[in-house]
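There are 2 protein chains.
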Amino acid sequence: MSINIDNLLTLLQDALERDDFDSAIQIIEALRGPDQAVLFDELEEDEQKELLPKLKKEISADIIEDLDDPEAVKLVASLPLETIIQIVDEMEPDEAADLLGDMSDEQSQALLTRLHDADEVRPLLLYSDESAGGLMTSEFLSLRPLMTAYEATEVLRDWHPDAEEIYYLFVADDEKKLVGIVGLRALILADPKTLIKEIMNKDVIFVRVDIDQEEAARTMAHYDLAGIPVVDDENRLVGVITHDDIVDVLEEEATEDVYRLSNISDNELDPDSPIKEQLRGRLPWLYLNTITALFGAWVISNYEHVIAQAAVLAIFQSVVAGQGGNTASQNIAMAVRALATEEVSARAQRKIIIRQFFTGLLLGVAIGSVVAFGVYLWRGNIYLSFVLGLALVANLSFGSMIGVLVPLGLDKLGVDPALASSVLVTAATDSLGFFIFLSLAAYFLQEIQ
Amino acid sequence: MSINIDNLLTLLQDALERDDFDSAIQIIEALRGPDQAVLFDELEEDEQKELLPKLKKEISADIIEDLDDPEAVKLVASLPLETIIQIVDEMEPDEAADLLGDMSDEQSQALLTRLHDADEVRPLLLYSDESAGGLMTSEFLSLRPLMTAYEATEVLRDWHPDAEEIYYLFVADDEKKLVGIVGLRALILADPKTLIKEIMNKDVIFVRVDIDQEEAARTMAHYDLAGIPVVDDENRLVGVITHDDIVDVLEEEATEDVYRLSNISDNELDPDSPIKEQLRGRLPWLYLNTITALFGAWVISNYEHVIAQAAVLAIFQSVVAGQGGNTASQNIAMAVRALATEEVSARAQRKIIIRQFFTGLLLGVAIGSVVAFGVYLWRGNIYLSFVLGLALVANLSFGSMIGVLVPLGLDKLGVDPALASSVLVTAATDSLGFFIFLSLAAYFLQEIQ
Numbered sequence: 013m014s015i016n017i018d019n020l021l022t023l024l025q026d027a028l029e030r031d032d033f034d035s036a037i038q039i040i041e042a043l044r045g046p047d048q049a050v051l052f053d054e055l056e057e058d059e060q061k062e063l064l065p066k067l068k069k070e071i072s073a074d075i076i077e078d079l080d081d082p083e084a085v086k087l088v089a090s091l092p093l094e095t096i097i098q099i100v101d102e103m104e105p106d107e108a109a110d111l112l113g114d115m116s117d118e119q120s121q122a123l124l125t126r127l128h129d130a131d132e133v134r135p136l137l138l139y140s141d142e143s144a145g146g147l148m149t150s151e152f153l154s155l156r157p158l159m160t161a162y163e164a165t166e167v168l169r170d171w172h173p174d175a176e177e178i179y180y181l182f183v184a185d186d187e188k189k190l191v192g193i194v195g196l197r198a199l200i201l202a203d204p205k206t207l208i209k210e211i212m213n214k215d216v217i218f219v220r221v222d223i224d225q226e227e228a229a230r231t232m233a234h235y236d237l238a239g240i241p242v243v244d245d246e247n248r249l250v251g252v253i254t255h256d257d258i259v260d261v262l263e264e265e266a267t268e269d270v271y272r273l274s275n276i277s278d279n280e281l282d283p284d285s286p287i288k289e290q291l292r293g294r295l296p297w298l299y300l301n302t303i304t305a306l307f308g309a310w311v312i313s314n315y316e317h318v319i320a321q322a323a324v325l326a327i328f329q330s331v332v333a334g335q336g337g338n339t340a341s342q343n344i345a346m347a348v349r350a351l352a353t354e355e356v357s358a359r360a361q362r363k364i365i366i367r368q369f370f371t372g373l374l375l376g377v378a379i380g381s382v383v384a385f386g387v388y389l390w391r392g393n394i395y396l397s398f399v400l401g402l403a404l405v406a407n408l409s410f411g412s413m414i415g416v417l418v419p420l421g422l423d424k425l426g427v428d429p430a431l432a433s434s435v436l437v438t439a440a441t442d443s444l445g446f447f448i449f450l451s452l453a454a455y456f457l458q459e460i461q
Numbered sequence: 013m014s015i016n017i018d019n020l021l022t023l024l025q026d027a028l029e030r031d032d033f034d035s036a037i038q039i040i041e042a043l044r045g046p047d048q049a050v051l052f053d054e055l056e057e058d059e060q061k062e063l064l065p066k067l068k069k070e071i072s073a074d075i076i077e078d079l080d081d082p083e084a085v086k087l088v089a090s091l092p093l094e095t096i097i098q099i100v101d102e103m104e105p106d107e108a109a110d111l112l113g114d115m116s117d118e119q120s121q122a123l124l125t126r127l128h129d130a131d132e133v134r135p136l137l138l139y140s141d142e143s144a145g146g147l148m149t150s151e152f153l154s155l156r157p158l159m160t161a162y163e164a165t166e167v168l169r170d171w172h173p174d175a176e177e178i179y180y181l182f183v184a185d186d187e188k189k190l191v192g193i194v195g196l197r198a199l200i201l202a203d204p205k206t207l208i209k210e211i212m213n214k215d216v217i218f219v220r221v222d223i224d225q226e227e228a229a230r231t232m233a234h235y236d237l238a239g240i241p242v243v244d245d246e247n248r249l250v251g252v253i254t255h256d257d258i259v260d261v262l263e264e265e266a267t268e269d270v271y272r273l274s275n276i277s278d279n280e281l282d283p284d285s286p287i288k289e290q291l292r293g294r295l296p297w298l299y300l301n302t303i304t305a306l307f308g309a310w311v312i313s314n315y316e317h318v319i320a321q322a323a324v325l326a327i328f329q330s331v332v333a334g335q336g337g338n339t340a341s342q343n344i345a346m347a348v349r350a351l352a353t354e355e356v357s358a359r360a361q362r363k364i365i366i367r368q369f370f371t372g373l374l375l376g377v378a379i380g381s382v383v384a385f386g387v388y389l390w391r392g393n394i395y396l397s398f399v400l401g402l403a404l405v406a407n408l409s410f411g412s413m414i415g416v417l418v419p420l421g422l423d424k425l426g427v428d429p430a431l432a433s434s435v436l437v438t439a440a441t442d443s444l445g446f447f448i449f450l451s452l453a454a455y456f457l458q459e460i461q
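In the order they appear, the protein sequences are chains A and B. Residues in the first sequence are numbered consecutively from 13, following the working numbering. Residues in the second sequence are numbered consecutively from 13, following the working numbering.
Next up, chain A with everything else stripped away, as it sits in the complex (with noise of 0.2 angstroms):
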C-alpha cells in the first residue's frame, strides 16, 4: 500500500529482461510478503513462470497464498511436480487445500500422496469453499486440562506453525471435545504450576465446521474475536479461523452484494478479466433485465393509439418509471446492508414497512410538485402537470414499498435479496410507472393534446 508499484514493477522488469535474476530476487525479497504478492501479480504471465521457481520456497508460498485462485492454479501447473510439492509443503495448510481443490482431481491426488504435511491438507479439501471448514485451518494448538501452564509452555516452544502469529490456545478433552480457551496473557501471568483448566475460559464461543463462512465471520465479528474455535457435530475441534479471513470473508460479501445489485452474477469478475468471463458473468443477467424491459414496452404499447394523438406524453413516460426506480433501489440497498450486517427483527420489519410508505409518499409529494411545476412552466399544459405530478407520487409510494417487501420477502424465503431484488423491482416501478401516468393521461387525452 505505502509501496511505489509502478518504480519497482520497472526495476523487476528490466532486471528479467537482462536475465539478472539475482537483482530480480533482491527486489523481491525487499519487500514485506503481502508486497512481494503485489509486485509480483503485476508481472506478465511469462515473466512469473520465470521468476517463481527461482525465489526462496517460503516466499513462492507466501505469493502463491495472496494470488487470486484461478491464477495460482494455472501458474502452479507449469512448474515441475517437485517444485510444487515443496512450495505447497510451505504454504498454510488451509491456503494449500483451497489451491487443491482448484485443481484437476488428478493433479492434486498427485499431490497429497507426496507433500510432507497431507494428513493436515487433507481434512480440509472435504469441506465446501464456502463454509467455516472450508475457511479454517487444522494447524492450531491444543492443550489438555491437567496440564500445567508449564508443559503448556513447553508445548508452544515445540510448535512451529506455518502461519507465525496465534491468538489463543484451545483445551480438549480426551475425546478431543473442546472445553476451553486460553488467551496468550493468561499463560504469561500464570504460575508455572497451574493447571490449564484453573486459567481457561470456559464459555468458548465457536462456530460448527459445516456453517456458511459469511456466518462464522459475523460471529466473530460480533464477539470482537481475533479468532474462532471450529468444531465437528460432535463438538470435536477440527480447526481454526483468524481474523485476517473474516476481512477476506467480508470484503467478498460486500463485493458479492454490490455486484448482485448491479446485476453482475460472477463475484470473482473484475474489470480486467478477460472478455469471455464478462461475457459469462454479465449477460444472463442483462438478458433478464431485457425482458423486462420489453414488458414495460408491451404496457407502453397498449397506449401506442395515445401517444401517437399526444407525442407529448413519450416525453415524460421515462421521468416516472425512472425516479420510481431510483426511489425503490435507494431502499432495496438500505434494507440489502441491514440484512447483510445485521438482525432485523419482525418487530423492525413492521416499522421500516410503515416508515418507508409515509417516505415514498414525501418524496413523491417533493418530487412530483417540483417536476409538475416545472413541467407547467415549459409546456404550459396544466392537465399534463397534474398527470405527471399525480403518476410521481403513485409511482415513487409504490417503489418505495416495494423496495424493502421485496428484499424482505426474499431474504425470508432464504434468497439473497440482493440477487434478484433490483431486477424484480425495476420491473415493477417501470411497468406501473409506464402504466399510470399513461393510463391517466388518457383519461385526460383531450386537454392534454
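Bear in mind the hints are in silico, worked out from the structure with no lab data behind them. Hints are all accurate, no fakes.
No copy labels: a pair is met if it fits in one copy or bridges any two.
Computed list of lysine to aspartate or glutamate pairs in EDC-like fashion (alpha-carbon distance at most 20 angstroms, straight line):
(1) Lys363 / Asp58
(2) Lys69 / Asp80
(3) Lys205 / Glu166
(4) Lys363 / Glu83
(5) Lys66 / Asp26
(6) Lys69 / Asp53
(7) Lys69 / Glu57
(8) Lys188 / Asp222
(9) Lys363 / Glu59
(10) Lys424 / Asp284
(11) Lys86 / Glu102
(12) Lys61 / Glu94
(13) Lys424 / Glu226
Given the coordinates of chain A, work out where chain B should sit on it, guided by the hints.
Relative to the frame of chain A, chain B by itself:
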C-alpha cells in the same frame, strides 16, 4: 447471532412492565456483551432509560459502546451526571472519546473535568472521527528496549485495560519513539533474563495518526495484522488500532459504496431511520436524478414531431436507454470495488479500458441482435428492428466505456468514484440512448411509420 432476540425481548419487556427489575437484569446479564447490546437496542426508548441506570456500570458501558453513536448520546444525556461519569469511566478510551465527540461542548467539558480516565480520553478528542487517530485506543502497553522479559511480564501483570485482549506489546525509546514490537508468544518463550530488544521485531508496520481510517484499515488487512501502532509526526507511539475496529471500518466503507451507488448520501441511514432523516439523505440525489431525467426528456422533445408520426418509437426508446444504463452500472460496480479493495496500476487501467470497450461491443451485439429479432417478430418492420439493434450496439458500447472511464477519472481527481458515477453515467446513457435511437429512426422515418 445465535440468540433468539424476539423471545428474549418478550421476556425482558414483560419483566419491565411488571417493574421486576431483578429479572430484567438477570436476563441481560445471562448474555454475552455484544448480545446484551443487541437485545437492549430492541427496547423502546423509555424502557432503555429506565433499565440502563440499574445495570452494573461495566455492562452499561459495554452496551453504550455497541449502540449507534446518535442513539448512545441521546440515551446518556437522559441520565444523571453522576451515573454518566461512572459509565464513561468503564468505557474503552476510544469509545468514550467517540461518545464525547458527539456530545455538546458543554456536556463533554463537564464530563472531562470529572472523569478518572480523562487523561486517556482527552488526546483522542483531537482527531477526526474518520482518521486513524479517531479509530485508535490510547490504552496500550509500551515496553523499553532494555527491560528484561521478566520485567515485561511484571508490567503486563500490573496492567488492567478496559479492553480485555491484547495482541502485541510495543517497544518505545526514551523519547517515546516506536522502535519495536513483541509478540506475546516470543515473551512466553523468552528466558526471563533476555532483554526486550533482543526479542523484539524491529520491522514494525505502523500508520500515522492523521491518515484516513480506511487507509489504516486497508494496511492492517493487507498485512494481516491483529493490531497496528499509530504514531504522531515525530514517530512517537500515540495509540493502537485493533482488528475489531478494522472490521467496522471496512463494513462502513462497503455500506458507503453500496449507498453511494444507489444515490443515498447519508451512510448512517437505515431502512427504519426516522422519515425526516430519510428525506434529508435521499431527496437531494433524487432531485439531481430528476434533473438529468428531465434533460433526457428534453432530448426526446426534439423528436416530438417524429414520435407524432411514429408512436411506435415511444415504445422502444426506453429499452435502448435502459440497457445502456444497466451495462454501465455493471462496469461502475466492478470499477468501484476494484478501486476500493486494491491498487489499480496505470497499466491495469489501460487494459481495463480496452477490455471494456470490446466487452460493451459484444454485449451490444448480443442484446441488440436478440431484441431486433424479437421486435421484428412482434412488429414486422425490418427498419424498426435494424434501428433498434444498431442503437443498442452503440449505446451498450458507449455505456461500457463510460462506465469505467468515469469512476477511474473521478478516482484520479480524488473524488470517491462511488459518489457521482451512477448519476453522471446514467444521465449520459439515457440521453445518448434516446438521441441515437430517435435520430436514427428519424432518418428511416418513412419506412418505420
